[in-house]
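Residue numbers (the working numbering): 92 to 179.
Bear in mind the hints are in silico, worked out from the structure with no lab data behind them.
Take these hints with a grain of salt, some might be off.
Said to hold, decoys possible - Calculated lysine to any residue pairs in the SDA-like style (CA-CA distance at most 25 Å, straight line): (1) 173 to 108; (2) 173 to 126; (3) 173 to 105; (4) 173 to 93; (5) 173 to 119; (6) 168 to 156; (7) 168 to 143; (8) 168 to 116; (9) 168 to 121; (10) 173 to 92; (11) 173 to 106; (12) 168 to 145; (13) 173 to 120; (14) 168 to 94; (15) 168 to 93; (16) 173 to 115; (17) 173 to 133; (18) 173 to 156; (19) 168 to 136; (20) 168 to 110; (21) 168 to 154; (22) 168 to 127; (23) 173 to 163; (24) 173 to 114; (25) 173 to 145; (26) 168 to 158; (27) 173 to 116; (28) 173 to 143; (29) 173 to 155; (30) 173 to 158; (31) 173 to 97; (32) 168 to 105; (33) 173 to 154; (34) 173 to 140; (35) 173 to 130; (36) 168 to 139; (37) 173 to 118; (38) 173 to 128; (39) 168 to 134.
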Amino acid sequence: MLASAEIPVGERKRILLVPSEAIQQIDGQDIVFVRTAADRFTVRPVRTGETAGGQTPILDGLQPGEQVVVRGSFVLKSHLLKSTMESE
């Protein structure tokens, strides 16, 4: 499942929210998987705000309109870590 969200707050300030399950951690860094093609994804470090109601604000690292993996992000993380371990 993919999601992208943009929530206007007030007149000028916009906050990017993603479902909390889209956020993964690698070596203590919050990351999301951004869709780059039909079946291609890239790891993107993000700076997050405080999670509320199952949504996490993205303060830095993601642009409006970019699609992030929600369901299946843990599986992608597992594959990434496995391939990293195999190459060492």
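Structure-based check of all given hints:
1. 173 to 108: 29 Å, violated
2. 173 to 126: 20 Å, holds
3. 173 to 105: Distance ~37 Å between residue 173 and residue 105 Cα, so the pair is violated.
4. 173 to 93: 23 Å, holds
5. 173 to 119: Distance of about 17 Å is within 25 Å: holds.
6. 168 to 156: Holds, at about 22 Å.
7. 168 to 143: Satisfied, since the Cα-Cα distance of roughly 23 Å is no more than 25 Å.
8. 168 to 116: 9 Å, holds
9. 168 to 121: 12 Å, holds
10. 173 to 92: Judged against 25 Å, a Cα distance of about 22 Å means the pair holds.
11. 173 to 106: 34 Å, violated
12. 168 to 145: 20 Å, holds
13. 173 to 120: Roughly 18 Å between the alpha carbons, so the hint for residue 173 and residue 120 holds.
14. 168 to 94: Roughly 17 Å separates the two Cα atoms, so the pair holds.
15. 168 to 93: 15 Å, holds
16. 173 to 115: Cα-Cα ~15 Å, so holds.
17. 173 to 133: Holds: residue 173 and residue 133 sit about 16 Å apart, inside 25 Å.
18. 173 to 156: 30 Å, violated
19. 168 to 136: At roughly 13 Å apart (the allowed maximum being 25 Å), residue 136 and residue 168 satisfy the hint.
20. 168 to 110: Satisfied, since the Cα-Cα distance of roughly 16 Å is no more than 25 Å.
21. 168 to 154: 21 Å, holds
22. 168 to 127: 16 Å, holds
23. 173 to 163: Satisfied, since the Cα-Cα distance of roughly 15 Å is no more than 25 Å.
24. 173 to 114: Between residue 173 and residue 114 the Cα gap is close to 19 Å, so the pair holds against 25 Å.
25. 173 to 145: 28 Å, violated
26. 168 to 158: 16 Å, holds
27. 173 to 116: 15 Å, holds
28. 173 to 143: 31 Å, violated
29. 173 to 155: Cα-Cα ~30 Å, so violated.
30. 173 to 158: 24 Å, holds
31. 173 to 97: 33 Å, violated
32. 168 to 105: 29 Å, violated
33. 173 to 154: Given pair residue 173, residue 154 is violated - Cα atoms ~28 Å apart, limit 25 Å.
34. 173 to 140: The given pair, whose Cα atoms are some 29 Å apart, is violated under the 25 Å limit.
35. 173 to 130: Holds, because 19 Å separates the two Cα atoms, which is no more than 25 Å.
36. 168 to 139: 18 Å, holds
37. 173 to 118: Distance ~14 Å between residue 173 and residue 118 Cα, so the pair holds.
38. 173 to 128: Status holds; Cα separation ~22 Å.
39. 168 to 134: 9 Å, holds
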